[in-house]
Structures are given as C-alpha cells and as structure tokens.
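Protein chains in written order, with this note's numbering: chain A, 1 to 269; chain B, 1 to 320.
Read the hints as simulated data drawn from the structure, not as lab findings.
Hints may be right or wrong, so weigh each one.
Computed cross-link-like contacts, EDC-like style, restricted to lysine to aspartate or glutamate with a CA-CA straight-line distance of at most 20 Å [as the list claims (entries may be wrong)]:
1. B/LYS293 / A/GLU14
2. A/LYS160 / A/ASP178
3. A/LYS71 / A/GLU24
4. A/LYS49 / A/GLU80
5. B/LYS252 / A/ASP170
6. B/LYS181 / A/GLU148
7. B/LYS188 / A/GLU169
8. B/LYS309 / B/ASP212
9. B/LYS106 / A/GLU14
10. A/LYS259 / B/ASP212
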Amino acid sequence: MNIIVCMKQVIDLEQIRIKPNTREPVIEGLPLLFGDFEKCALEEAIRIKEVHGGKVTALAVGSPKLRDTIKEALAMGADEAIILIDPIFQDSDAMGSARVLARTIEKVGEYDLILLGDSSADEYSGEIPPRIAELLNLPQVGFVREIEVVADNDQMSEPKKIRVARDMEDSLEVIEVDLPAVIGVTSELNTPRLAPLSAILKASRKPMHEWRSDDIGVTAEEVGARASVVEMLSNLAPIQDRKGIIYQDVEEGVIEVIKALQQEGVLTQ
Amino acid sequence: MSGILIYSELEEAALGLLTKGRELATKLGKPLSVALLGNEAADQADIYFAHGATQAYVGDDPNLTHFQARIYAAALAQMVTQAQADIVLIGSTRRGRELAPRLAQKFSAGCVTDAIGLSVQDQRLVIERRALGGNTVSAKVITSQHQVIAVMPKLYDAEPEAASAGEVIPVSLELEPPATKLIERRSKEAGVVNLEEAEVLVCVGRGLANKDDLSLIQTLADSLGGMVGCTRPISHEYHWLAEDQMVGLSGKEPSPHLYLAIGISGQIQHTVGIMDAKVIVAINNDTNAPIFKIADYGIVGDLYQVVPKLIERLQQELGR
Numbered sequence: 001m002n003i004i005v006c007m008k009q010v011i012d013l014e015q016i017r018i019k020p021n022t023r024e025p026v027i028e029g030l031p032l033l034f035g036d037f038e039k040c041a042l043e044e045a046i047r048i049k050e051v052h053g054g055k056v057t058a059l060a061v062g063s064p065k066l067r068d069t070i071k072e073a074l075a076m077g078a079d080e081a082i083i084l085i086d087p088i089f090q091d092s093d094a095m096g097s098a099r100v101l102a103r104t105i106e107k108v109g110e111y112d113l114i115l116l117g118d119s120s121a122d123e124y125s126g127e128i129p130p131r132i133a134e135l136l137n138l139p140q141v142g143f144v145r146e147i148e149v150v151a152d153n154d155q156m157s158e159p160k161k162i163r164v165a166r167d168m169e170d171s172l173e174v175i176e177v178d179l180p181a182v183i184g185v186t187s188e189l190n191t192p193r194l195a196p197l198s199a200i201l202k203a204s205r206k207p208m209h210e211w212r213s214d215d216i217g218v219t220a221e222e223v224g225a226r227a228s229v230v231e232m233l234s235n236l237a238p239i240q241d242r243k244g245i246i247y248q249d250v251e252e253g254v255i256e257v258i259k260a261l262q263q264e265g266v267l268t269q
Numbered sequence: 001m002s003g004i005l006i007y008s009e010l011e012e013a014a015l016g017l018l019t020k021g022r023e024l025a026t027k028l029g030k031p032l033s034v035a036l037l038g039n040e041a042a043d044q045a046d047i048y049f050a051h052g053a054t055q056a057y058v059g060d061d062p063n064l065t066h067f068q069a070r071i072y073a074a075a076l077a078q079m080v081t082q083a084q085a086d087i088v089l090i091g092s093t094r095r096g097r098e099l100a101p102r103l104a105q106k107f108s109a110g111c112v113t114d115a116i117g118l119s120v121q122d123q124r125l126v127i128e129r130r131a132l133g134g135n136t137v138s139a140k141v142i143t144s145q146h147q148v149i150a151v152m153p154k155l156y157d158a159e160p161e162a163a164s165a166g167e168v169i170p171v172s173l174e175l176e177p178p179a180t181k182l183i184e185r186r187s188k189e190a191g192v193v194n195l196e197e198a199e200v201l202v203c204v205g206r207g208l209a210n211k212d213d214l215s216l217i218q219t220l221a222d223s224l225g226g227m228v229g230c231t232r233p234i235s236h237e238y239h240w241l242a243e244d245q246m247v248g249l250s251g252k253e254p255s256p257h258l259y260l261a262i263g264i265s266g267q268i269q270h271t272v273g274i275m276d277a278k279v280i281v282a283i284n285n286d287t288n289a290p291i292f293k294i295a296d297y298g299i300v301g302d303l304y305q306v307v308p309k310l311i312e313r314l315q316q317e318l319g320r
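Can you make the complete structure from the sequences, with help from the hints?
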C-alpha cells in the first residue's frame, strides 16, 4: 500500500511569549517542529507499511527550515520525502496550502491512502484534510483514532479498503472506506516512535526532493499572499483580567483563599 | 446573489445560529434561510421559522444515509446555489468541522472553523477564532465571494421570535453514493460527569504523583460540590481519568464559577479551556508556574500539603 503523509512544521507553541504592552505574540526565531498529530499520521503509515508492504512518502510545504525538519520524518521511517519550498507559497491561506499539497499528490500519482493530522497544533482549523479531499475528489474521514487494513490485494478487482474508528462527540463511529481516501488522525491513534540515532544519521541518504511552484504547476494567482481570501485584521492575546493574589505561605493561603472564595460567592452552600 | 444560509445537524446549534443570524441579516441587509437535510425535514421547518428563518431549503436523498463529508458537502453546495447564499454558517461540531472547509473549497471560498465571535464592522462580517495554539485570538474577514464559517455550537443561545412564518422550498438533490459504509456506532463509555455543567471544577495535572492520589482530588471536589477534570497527560497518556474529563484545546471548555488548578503548570493548551471561569485558583509548588499568571488566587506549595488543609478547612466552614 502506497501512503502519502502530509506534515506541517509548526513553531514551538510552548515558547511563544506575549508582549505585555501590546498583547502581540512574539514568534520570530522560534524553533519549528512537526506536531504530534503529524507524527501519529507518519507512525501509522510506517506500521501499515511494515505489515502490508508498499511505500511511505512524507510531504511538507513550508519555509527553508523544512530541509532540516523533514529529516525527522525520514529517520522515523518514511522512504522518501518531498518538500515544497518557494517564496510564492509564502502566506498562503488554507486553500493555498491545500492546493500546493493536492497538486503535489497528483504529481506523485501512485497512492492508496493519504494520511495527515486532523488539525495542526498551531491553527487547529482542520481545513486541510477536507480541502485536499475535495480537490482530489476523494472521500474523507476525520478524527480517526484506529485504522485497520481490510483489503489490500492488488490482484483483486475490488477496491482496497480500510476500516477506521473515529471519535465523535458522544460515540465512536466505525466506518469502512474504499481507497484511495483522505484520513485525518488524532493523537490517540498511536505513540510515535523516537528515531534511533543510527536512523537519524542515515536519514540524509534517503531520497529527498525539493520542489518549487514550477514543478507542480501552480502560480501566484492560485497560492500565496495574493491568492489568499482570508484577511487577518488582528491577532492578539486575550485580555486577562485576573486578580493575581498569590500566597507563598500555605497556612495563610488556605485560610485567606477560602475566605476570598466565600466573599466571591462561588462556594456552593 | 446574496443571503445567509444556516446548517447544522444539531438542532440546538442551528437555532442558536439563526438567533445570531437575525442580527447579522438585519445589519448586512440579507435574507436568512436554513438548510435541512434528511427525511421528514420539511415537517420540522416550523421551529426554524420561529427562530428567524424565512426560507427552509429541504432535501433528502438515499445517499445521505450516514454522514460522509463528501456527500453532505455536495448536498449543501446545491442548496447554497439554489438559495443564492453567499454566507454559510455551520455548527462547528465534529461533522461541521469536516463539512465547512469542503463546502468552501467547492466555491473556492475562504473558511473559518471554530469561530468564537461574529460581528459586523463596516458592512463586513468579522470572525474571531483562537490562533497559535490558544495563545491569541485572531479577527478575520473572508474576502471571497462565498464565505463559509463554522461557529462553535454553543456560542449563541436559541431565542425564538415573537411570530413568524416561512416558506418551505424543496431542493432535488443529485448525489453520488458514498465510498464509505457505517459499520457500527459504539456509544462511548457513559461519561461519569459532564464537565460543561460543573459550577465548581477541580482539575489535576502532572503534579499528581500516583493514580491512587486521585481520591484526594475527588475528596476536595466533593467538599466543594464540584467535579474533577484534568490536563491531557492525565487522561490521554496515563489514562488515570476518562478522555472526556480532559479540559483544554480539543477537550472540554467549561465555564464554571470556580476553577481550581491542582499541580497544573498552566500550559496554554489546557488553560485555553478555562478562560471563561469566573474565579481561578491555582495550587502549585513552583512559584514561577505560568498558571499563577492567570489565577485570581494562588497558593505556592506542595499539593499534598495544601489539598488536605483545604479539605479540612472547607469541611469546617461548609460543614461537609
């Protein structure tokens, strides 16, 4: 089974600082990493390949730092990586990014399954899987926490099939999906492996292709800042209006906090 | 071409969106309608008219058996076209989150999911949503001809209008069969508690050393008449509590009167879920823990010392 895994490098969210006077986030220069959902998607692809054979291709669009970030995907076990780096792609909205990814997937051509994180850690918008699925006219299933390969026989005329369990608000839905399909996964799916040092060293020997807009036939009319249809007016930390009364002494703290909560009227009688 | 179309498979969410939609429709000078999919949809139209819809576009098709975003997006797109709607508001349930971007892509339109605020400024619809893992709130406008916005399902309460009637418009749908089959729907283990109803919520994080010590936290919650929740590691890594007790991004976002953070450092992925709490109390042994920055009251100390003292004092004060 040939699996394409789309991955996004995101800034380390733990390290974001907020400018106290303007409430603006400081994100310049922060390290870029793959999020947990991305790694779970890749881990699952590798596990499926280990049982059923085939090939795992990791795909990512982003800044030149991807040349380093992508090595982790290769070290974990992707057979091949394609990274998409081009100034034209910069400041794409979700539609622009989905177009780049979909066009790349079309160029790769042979695939049975497209796996990706259901949402990215930074924006958590969940837009990319449905948009890619629409662009490729494929079925999509999101919030997937279990994947089982049901039919994987190239000789049979029946389609390859997987069975997934997905997390809904109040139930788990078990769904059988004819492949190819786009599957968005959550971090309950598995625990991604840590790449051993030897694999990290060997990662740079695996095939890694760097493609630009020309390679996949997209123009600045379709992607990037000019094609963006979502305009950001502002992006600020919410105003926090908290009292911030902190007690360093436990005895005093216990007495005073309970007294304060009684005055606030939040202790149910 | 102009109009606002509302859709959610969750009636409560659709009615809340209609209630807010009335205000937006007046300000933007657009008609307000609702899309209803599935059998006997027309019979249910009255409640949507009572909440402000002037038209109900109704359609059914054998291919709408179980939810598959590809098929539902195709159905909704046909309704958007017939209604000549340019703004589509969808309940940001899990299904809604899958549906909205796919519908948007059909019209090469911009989309915003998980909206937490809608307002009209300079005749433009301004949408707020969280960004950067919950660190910020961004305000956005969509500049494409169509706009698809998935709005948090409980953001707006449903309020009926005094009196209103509307028109039922049948839409004959043309849909492909889905490439998916629903095998079974397993109900989740009945949630012990529904945190979103908690007036007092005690949450525990990595500061707790052992699973057995949860009894201490439960005792504290009991003496406050509250419920117990947790951060992601406790439910999803250690499995000490059920997954539906996780508070934060991708978990529950309750708004209790009182929230106590016990042994929680205060990473944004968790705290974004309790920003609406009226009063926040933090207990942590690290005086520099970020949780203290968002707390109304805090006690710096070992939770194993502080919590028993709190329980004792509460039992004296409240008699339980």
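Hints versus structure:
Simply put, B/LYS293 and A/GLU14 have alpha-carbon atoms about 15 Å apart, close enough for the 20 Å limit, and the pair holds. For the suggested pair A/LYS160 and A/ASP178, the alpha carbons sit about 6 Å apart, so the restraint of at most 20 Å is met. Distance check on the hinted pair: A/LYS71 and A/GLU24 sit about 32 Å apart at the alpha-carbon level, beyond 20 Å; violated. With a C-alpha separation of about 13 Å, the suggested pair A/LYS49 and A/GLU80 falls inside the 20 Å cut-off, and the hint holds.
Proposed proximity of B/LYS252 and A/ASP170 is supported: the alpha carbons are some 13 Å apart, at most 20 Å. Taking the CA atoms of B/LYS181 and A/GLU148, the gap is near 14 Å; set against the 20 Å cutoff, the hint holds. The suggested pairing of B/LYS188 with A/GLU169 holds, with an alpha-carbon distance near 9 Å, which does not exceed 20 Å. Of the pairs offered as hints, the one joining B/LYS309 and B/ASP212 holds, with about 19 Å between alpha carbons and a cut-off of 20 Å not exceeded.
A hinted pair counts as satisfied when its Cα atoms are at most 20 Å apart, and B/LYS106 with A/GLU14 does not qualify at roughly 36 Å. For the hint pairing A/LYS259 with B/ASP212, the CA-to-CA distance comes to about 30 Å; that exceeds 20 Å, so the pair is violated.
Hint check: violations occur at hints 3, 9 and 10; the rest are consistent with the structure.
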